[in-house]
Amino acid sequence: MEDYMFSTDINVVDFSFWIVTASMAAATLFFILERFEVNPKWKTSLTVAALITGIAFWHYLRMSSVWIDTGTSPTVYRYIDWFITVPLQIVEFYLILIAVTVVKARLFWQLLVASLVMLLGGFYGEANIGSDSKEIIGFVVGMAGWAYIMYLIFFGDAKEANDSSGNPAGQLAFRTLRYIVTIGWAIYPIGYLLVYIIGDSPFGEGDLNLIYNLADLVNKIAFGIVIWYAATTDKGTVVSAAASVAKKAVTSTRKRSTTRKSSARRTTSRRRS
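Note that numbering that gives the first Met the number 0 gives residue 16 to position 17 of the sequence shown, counting from 1, and the numbers run on in steps of one.
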């Protein structure tokens, strides 16, 4: 099979679609359930994490069908998924920061636009397979968008906001997500480069889909896991229902004590008068 190098059997690619689909569904359920156990300031971030994996699950159902039924790469459906989920992943940086500090709104738009430029470049290249110049242009544009994201989170406004937040859990999440975007996201352009840019490449569509599937599996779920970990380790996180009940009981006792003291003062005042 000329279209496969890593995957010597088409069933390996089939299996990768199946395992990613199942994993996205499981991750979505996990993030939804855990959302109720964290401090309210982290709920939006966990909701977005669930949206990312939930949307990916839905699209992987369709991508799996296209690949298994036709043996062709589901490029359009994959980019539809990425055009929704990748900006959401990038926006997570902004959501983490606003959960723990004050951030300018322009950072949101900078991250969003950069992620869209990255995706548009990649889609332009993959939609024009066979045209070497367009494949290279798409690659360069996509890398430019990625490079700007790197600048924002390593040297720009996002880094400055994180450094000044003073929240250890938020800072840990930010730094970890930074490494995911740097190392984990590097898998995508490497796959693109191996299949489309290198002349007479031994790699084919099967290899590319296997690479993309594994990258999605790691990156999308890892994003959510990092946010979940930060939310559960933040000192403001709700630890348990028992702790919540105990806190309410203490508050109620204090209120009753204050009421009794006020009543005693009024009684004493009346007797004196």
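I should point out that these hints are in silico values taken from the structure, not numbers from a laboratory. Don't take every hint at face value.
[Said to hold, decoys possible] With a straight-line cut-off of 30 Å between C-alpha atoms, the simulated DSS-like cross-links for lysine-lysine are:
no.	residue 1	residue 2
1	K42	K103
2	K133	K42
3	K103	K158
4	K103	K40
5	K40	K133
Hint by hint, here is what the structure shows:
1. K42 / K103: Within the cut-off at roughly 20 Å; holds.
2. K133 / K42: violated (42 Å)
3. K103 / K158: holds (13 Å)
4. K103 / K40: Judged against 30 Å, a Cα distance of about 17 Å means the pair holds.
5. K40 / K133: Given pair K40, K133 is violated - Cα atoms ~44 Å apart, limit 30 Å.
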